[in-house]
Structures are given as structure tokens and as C-alpha cells.
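From first to last, the protein sequence lines stand for chains A and B. Residue numbering for the first sequence follows my numbering, beginning at 1 and increasing consecutively. Residue numbering for the second sequence follows my numbering, beginning at 1001 and increasing consecutively.
Any given hint might turn out to be false.
Unchecked claim - So the derived label-pair ranges between C-beta atoms look like this:
id, chain 1, residue 1, chain 2, residue 2, range
1, B, L1087, A, Y173, 37 to 47 Å
2, B, A1098, A, S189, 11 to 21 Å
3, B, V1059, A, E143, 51 to 61 Å
4, A, E323, B, G1073, 52 to 62 Å
5, B, L1223, A, K85, 24 to 34 Å
6, A, K172, B, A1146, 50 to 60 Å
7, B, E1021, A, E127, 18 to 28 Å
8, A, D132, B, E1036, 39 to 49 Å
9, B, F1011, A, Y173, 30 to 40 Å
10, B, I1158, A, Q316, 51 to 61 Å
11, A, G183, B, L1087, 44 to 54 Å
12, A, G183, B, L1211, 41 to 51 Å
Claimed, not checked - In silico DSS-like cross-links for lysine-lysine, where the CA-CA straight-line distance does not exceed 25 Å:
id, chain 1, residue 1, chain 2, residue 2
13, A, K215, B, K1031
14, A, K139, A, K55
15, A, K213, B, K1031
16, A, K260, B, K1044
17, B, K1030, A, K215
18, A, K100, A, K167
19, A, K167, A, K146
20, A, K261, B, K1030
21, B, K1233, A, K213
22, A, K139, A, K167
23, B, K1031, B, K1044
24, B, K1151, B, K1044
25, A, K100, B, K1031
26, A, K261, B, K1031
27, B, K1030, A, K213
28, A, K100, B, K1044
29, A, K215, B, K1044
30, B, K1233, A, K260
The set of hints was computed from the structure by calculation and includes no laboratory data. Just so we're clear, the structure is a prediction, and the values are computed from it rather than from any experiment. C-beta atoms are modelled at their ideal positions from N, C-alpha and C, and glycine is treated no differently.
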Amino acid sequence: MRTDQTRVRVLLAALAALALTLGVAACGSSDDSTTSGSTDSGEAGAIESNPDNGKVTLTIGSKNFPEQEILGEIYAQALTAAGYKVKSALNLGSETVALKAVKSGQISGYPEYASTALTSFFGLEPEEVPADATEAWEKANEEFEKEGLEAFEPTPFASANAVGTTKATADKYELETVSDLEGVSEELSLYGSPECRQRIDCLAGLEELYGLKFKSFTPVDIGLRYTVLEKGQADLSILFTTDPQLSAEADKFVILEDDKKVFPAGNVIFVTTQKVAEEAGPDYEKTILQVQEGLDLKVVQELDARVELEKETPKQAAAAYLESAGYVGS
Amino acid sequence: MSAALLPLASFGGAIEFIFSEQTSNVTGGKKVGGFEQAMELALKQLEVTALALALALIVALPLGLYLGHRGKGEGVVIGFGNAGRALPELALIALVAALIGIGLVPVTLALAVLGIPPILTNAYVGVRQVDPAAVDAARGMGMSEAEIIRKVELPLSISTVMGGIRSATIAIVATATIAPLAGVVTLGDFIINASIYGEDGRLAGAILVALLALSLEGLLALLQRRLTSDGLKVKTA
């Protein structure tokens, strides 16, 4: 009898202790969310680690070229700073592979260009892609939601393909816009990534929408897009507007204005599933939106320069960005 | 279980891709794949394979036979052979592209480098293994050294020599798949550009490369039988 009573008391005490701990923990977490909530309204506050997030493991993906890898690293490191367990898979071969990986749960999410999402996933023609970033995002998100996916708000910077050439070639043929190529493109060779050949937002678009014919099109590895211009193998090469060379070597390379809008500009939207967003809690979206606020075209060109010209790793470049912008303490 | 069966399910899609054109989201309505394009890419792959193999043969076969005949340079042949096989082809193509540019010629050169080691090593080893008594007899009959190589050593070592040529061919035809990264549009185009051709195209590319490699292997096996002198053929029954 007596021992029974003791047992009940011990049990009660244990329960009380448990309730207390839980209560404190709950208070703690709500406290955390209010503090980080308030820093959210300031523009570049440090990311606060939330211990609750430690239960969630996220896998951040990206496609396999420097700009994407840097973005992937920025998101991955920021989410780590927010307390999540983060793995990364920054080597996905194409948007098709990446989307499949998101849908199957192999990755939690990855950064995608809104224009690519609209043309590649949802079959829009390049000229149907809204020029306004928010409109493009809303349009993409509508489609994503039908498939249980979700895209977060777009980054400040936009990236697009562009026809590039050397300053000398541009001067020689008086090229400023892509339309200026009419009449001379038959004498000029064009180099681009292997997939460019048949894409409507690349060679196919230049041929069909501008009516241009080139002397030749040669597919090359994307990493050689400036090398072929420098070596004089290519007269024209498909570049990206975010390329660091365009600001670092502005006296050497120029891009032609896309006056018929064959290359839709793409702000980056982070694509994830509604299920992951729900399970990961509010800090997931909040952290991603917070760290991408500082990513304007100039910052992205600089980050690309660190990796492509100064041979830093995407990891180092991302860490430097997060530190200098004050998102993580140094 | 279902994940393991998935590749089987997509097999049908890949076969369809090879024989009829498919729609693609990113080409502005132009269809991709189909028999015509598959043949075009396969022919390109065969062309660059043939060129690279010819170049590798011209360089490696006479050298291997000669060194084997003289019994000299074993260290060089084996060392070069092993080093050559360890060379990553993607890096080699990048290097050749940086040095002499992009297109059919640099890709052919890079692929030939891949074919040289097996041809060289096997020719050398094959000739070395020929019975010295046969060589002595030939010399006693008054054959010149060149005749000895051509009429005695090469026929007697044909299975080893052909073995080297066969593995060089397989290595070259399989590796020619990455040529689209350096300006030559082979079957690898289906594999690299999933955004255009989709997963069906990717698998179709892999199937076609495998078929191409197997057919070349079969052709060379037939050729080897023709080249083997009757006296060397294993009698069955």
C-alpha cells in the first residue's frame, strides 16, 4: 500500500517535470519565433537558429553550373544557420532532372529561373513569359500548386541567355541588337551549349523568331563559352547576362540586345513541395526569402566572378556573401 | 521494389523514342528523336569512331609489332599502355579543346589516344609470345625481318592483336558519347540534353550506344575468324 503510494507520487512528479519542460520548451520556441519575426522586417538581420528546426532534414539541390551551385550553397548554408539539418545535391543535370527529384522527394527544393519553369515545365512560348518578375512568379506558382508544389517569391536579379561577341566583331559589323545580325549572320559562326541547338529560347528561337541563319552552330561545353570567343573560334557565343566577364572585361565582350525577346529573363524562384514546406515550418520560407534579398545583378556577377574567375569554390563564395551581408556572424 | 522496376517500365518509352518523333516542351513545337535523328547521330558516332580507330591503328599497330619483334622497349610499352588507360577522357578532350580547339579533328585525336594503349600493348605482347622456333625457321628459310613480322609473327599472334583492337574499338565508340561537349553531335546528345529529349531520350541514347558497341564487337569477331589461319583454329568435334 505504502509502496504503491510512493509509486504514484514518483509518477506524478515525473509527469509534472515533463509538463514543465514541455511548457518551457514551448515558451522558448514561441519566444524564438517572435524575435526572429521582428528581425525579419529589418532588411539584413542575422539569421537566428531555431532549435526546433533540428528535427528537420532538408536536401537542397541545384543544377550543375556555377551560378546555380552558388545559389544552392547560399540557401543550404542559410538554412543550416537557421538550425536545420541540411544536405546538398548541387549537381543535377537539367531542370527536368531537378523537378523530378523534387517531386520524388530526393531533394526538398532547388532554385529555378521563373522563365525556365514557365517554358520548360508549362509549355509557354518565350514571348508569353511576363517581363515582370512577380507576374512570372505568380503564373508559375499557379501551375506548380496544381501539382502539389510551391515556389517562393523571386530574387531581385534576373538571368537570361544572350548572344555575345567580342567588342571587335561587334564594331566590325556594327552590332548592337540581335536584329542587327540580319544579313551578316550567314558569315558568322555561333557556339552554344549542346542543348541550345534545339531550344526555342536559344538557337531554334534565333532561327525562327528572328529569321536568322548562321554559318554554323557548334555545341560546346558551357564552361567554354568565353574561351571560344577569345580564341577566335567563334564569332558569336551564347552567354548569360549574369556572367562576371561582362562587367570584369567590359572592354572585351559585349552582349547584343534581345529586341524580339527570344530569351526571356528569369528571376530565380525556389521550388519546393507543399508537403516539405509544411513539415519544415515557417523558418524554411522565411530564411530563403531573407537571404536572397541581397542578390541583385551586381552581387550575383561578383559571386560568379569569385567562382569562375578567381576559382573559389561555390561554398566559399556563398559563405563570403552570407557573412558580408550580415546574415551569419563572422 | 517499384523503384527497381521503374527502368523496365521506361524501356517502352525509350524504344518508342527511337522509332517515332516525340514532342518536346522547349523546342517551340519542333519534334525531336525518331528514327531519322537517331540514325543521323549514330552515323556521326560511327564516323568519329572509325577515324579515331584508324589513327590509333596507324600509330600503335606497326610500333607494337616492331617492338615485339625486336623484343625491346617492354618498360615503355607497358608503362605507356597503363598510363594511357588511366587518362580520364573528359579531361583529355578538354585539354585537346584548349590546345587546338573544338570539332571533329580534336575529338578524333583525343579518342585515338584512348585507342592506342590496348592496340600497342596487345601487339607487343602477342608478338613476344610467338614460338621462337617458328621465327628461327622463317629466318633460316631466308625471310627478311619485315616478312617474318608479316607472314609469321602477325598470323600467329592474331588473336591477341585483334583482342587489343577490339577493346580499343569498344573504348572509342563508347567514349564518343561525350563528343557533343566538344562540337561533334553524336548519340550523346540524347543523353546529355534531358531538357530536350526527356528521360526516354536519355535511355534511348544509352540503348543505341550499347547496340552500336555490340555490333562493332560482333563485326570484329567475324573479321578475326577470317584472319585466323586455318591451322590455328580450334577443331571442334
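### Query
Is the gap between the beta carbons of V1059 (chain B) and E143 (chain A) within 51 to 61 Å?
Because 56 Å falls inside the window, the suggested range holds.
#### Entry: Satisfaction of hint between K1044 (chain B) and K1031 (chain B), Cα-Cα up to 25 Å
20 Å, holds
### Query
Between K215 (chain A) and K1031 (chain B), does the CA-CA distance stay at or below 25 Å?
23 Å, holds
### Query
Does K1233 (chain B) pair with K260 (chain A) here, judged by a C-alpha cut-off of 25 Å?
70 Å, violated
### Query
Does the hinted range 41 to 51 Å hold for G183 (chain A) and L1211 (chain B) at CB?
Distance hint for G183 (chain A), L1211 (chain B) holds at roughly 45 Å.
#### Entry: C-beta pair F1011 (chain B), Y173 (chain A): status relative to the range 30 to 40 Å that was hinted
50 Å, violated
### Message
Given the hinted pair K213 (chain A) and K1031 (chain B), is their Cα-Cα distance within 25 Å?
### Response
20 Å, holds
### Message
Does the beta carbon distance between D132 (chain A) and E1036 (chain B) stay inside 39 to 49 Å, or does it fall outside?
### Response
41 Å, holds
#### Entry: 25 Å Cα cutoff - pair K1030 (chain B), K215 (chain A)
21 Å, holds
### Task
Below or equal to 25 Å on CA atoms is what counts here, so check K215 (chain A) against K1044 (chain B).
Answer holds: K215 (chain A) to K1044 (chain B) is near 20 Å, not above 25 Å.
### Task
Quickly compare the C-alpha distance for K139 (chain A) and K55 (chain A) to 25 Å and report which way the hint goes.
33 Å, violated
### Query
Would the pair K1233 (chain B) and K213 (chain A) pass a check requiring their Cα atoms to be no farther apart than 25 Å?
Roughly 59 Å separates the two Cα atoms, so the pair is violated.
Hint compliance for this structure: hints 5, 9, 14, 16, 18, 19, 21, 22, 24, 28, 30 are broken, all remaining hints hold.
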